[in-house]
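Line by line, the protein sequences are chains A and B. Okay, so the first sequence: first residue is 0 according to numbering that gives the first Met the number 0, each after it adds one. Okay, so the second sequence: first residue is 0 according to numbering that gives the first Met the number 0, each after it adds one.
Any given hint could turn out to be false.
Stated by the list, open to error - Pulled a few chain B residues facing chain A out of the computed Cβ check, cut under 8 angstroms:
hint: 1; residue: Gly-17
hint: 2; residue: Glu-34
hint: 3; residue: Asp-82
hint: 4; residue: Gly-85
hint: 5; residue: Met-88
hint: 6; residue: Pro-101
hint: 7; residue: Trp-107
hint: 8; residue: Phe-150
These are computed hints drawn from the structure, not numbers from a lab. As the structure is a computational prediction, the values presented were derived from the model and not from experiment. We put the beta carbon where it would ideally sit given N, CA and C, even for glycine.
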Amino acid sequence: MDAVDRRIVDALQGGFPICPRPYAAAAQRIGLSEDELIARLAALSAGGTISRFGPLWDVERLGGAVTLAAIAVPAERFDDVAALVNAHPEVAHNYAREHALNMWFVVSAESRAEIDRVLAAIAAETGLEVLDMPKSEEYFLGLRLAA
Amino acid sequence: MTGSPARDRRLLAAIQDGLPLVPTPYAVVAERVGETEVAVRDRLRDLIESGVIRRFGMVLRHHELGYRANAMAVWDVPDARVDAVGERMASLPYVTLCYRRPRVWPAWPYNLFCMIHGRDRETVRGQVAEAAKAAGIEGLRSEVLFSLRRFKQQGARFDIAGDRAA
Chain A
0 MDAVDRRIVD ALQGGFPICP RPYAAAAQRI GLSEDELIAR LAALSAGGTI SRFGPLWDVE
60 RLGGAVTLAA IAVPAERFDD VAALVNAHPE VAHNYAREHA LNMWFVVSAE SRAEIDRVLA
120 AIAAETGLEV LDMPKSEEYF LGLRLAA
Chain B
0 MTGSPARDRR LLAAIQDGLP LVPTPYAVVA ERVGETEVAV RDRLRDLIES GVIRRFGMVL
60 RHHELGYRAN AMAVWDVPDA RVDAVGERMA SLPYVTLCYR RPRVWPAWPY NLFCMIHGRD
120 RETVRGQVAE AAKAAGIEGL RSEVLFSLRR FKQQGARFDI AGDRAA
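Same shape as in the complex, but just chain A:
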């Protein structure tokens, strides 16, 4: 990633223009041509720096449901349990963390009832207790990282 990429990353984490030629408008702000910006975004996506270029939305505002779940997985079973959990398409992301509760994942579905079904299925498949911690309140959202 060079200085131009860093400028793109700093400028485009939010506020992407909604107009007929948005890449041209954004490129002008950064001091690039439309073609150059599109090519750079494609390269950043292919290289894995960008997971996605588009909207980050609030599932609950669209009638969906989401929760944070955690499991204390015995070390020797960790990879097997991860495979069982990740096989559910409702599991949005999953992290191993340093703690007795060592597997933390987000479950996102169309309703709370669907979340309950997925968590019960994971508990049955793994034989492990699944902690369910839906958010009660959110104080901030807007993950921004300086490149």
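Once you have looked at the hints, place chain B on chain A.
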């Protein structure tokens, strides 16, 4: 055209893997969902203004950007104080997400969750201590859980979270 949950889900489903990297991306999206380009742009603008779309831009992989320390810092804050503490925490520049969640006894006594992404663990530990001080909760029971591995990272998907309700 006004919004409906079904229409919004269809629209977001059409761009959930990313806005097309072509000069006129909204025209491509409009074709995918069978609407006019103007209708697509107007609705996206509405969704951003109303907060359904939280951010519209690049979703980064922090690890690939050199943010190797991903910490979930948690505290057991008395319920009467947790909202004020959460709002203070959320105002700190290095706190990227901050939530109140239910405690799960006896395994999990914590109700305030803050995500902090930093370049190394030492920096993040310093920020966690500084955040606790800023919010006036030093000395409360707390832990910092660093991530070791990421198995999966994707947004909420509408092929599972939408079509049946739509």
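Outcome of the hint check:
no.: 1; hint: Gly-17; in the structure: holds (5 angstroms)
no.: 2; hint: Glu-34; in the structure: violated (14 angstroms)
no.: 3; hint: Asp-82; in the structure: holds (7 angstroms)
no.: 4; hint: Gly-85; in the structure: holds (4 angstroms)
no.: 5; hint: Met-88; in the structure: holds (7 angstroms)
no.: 6; hint: Pro-101; in the structure: holds (6 angstroms)
no.: 7; hint: Trp-107; in the structure: holds (6 angstroms)
no.: 8; hint: Phe-150; in the structure: holds (4 angstroms)
Violated hint for the displayed structure: number 2, the only one.
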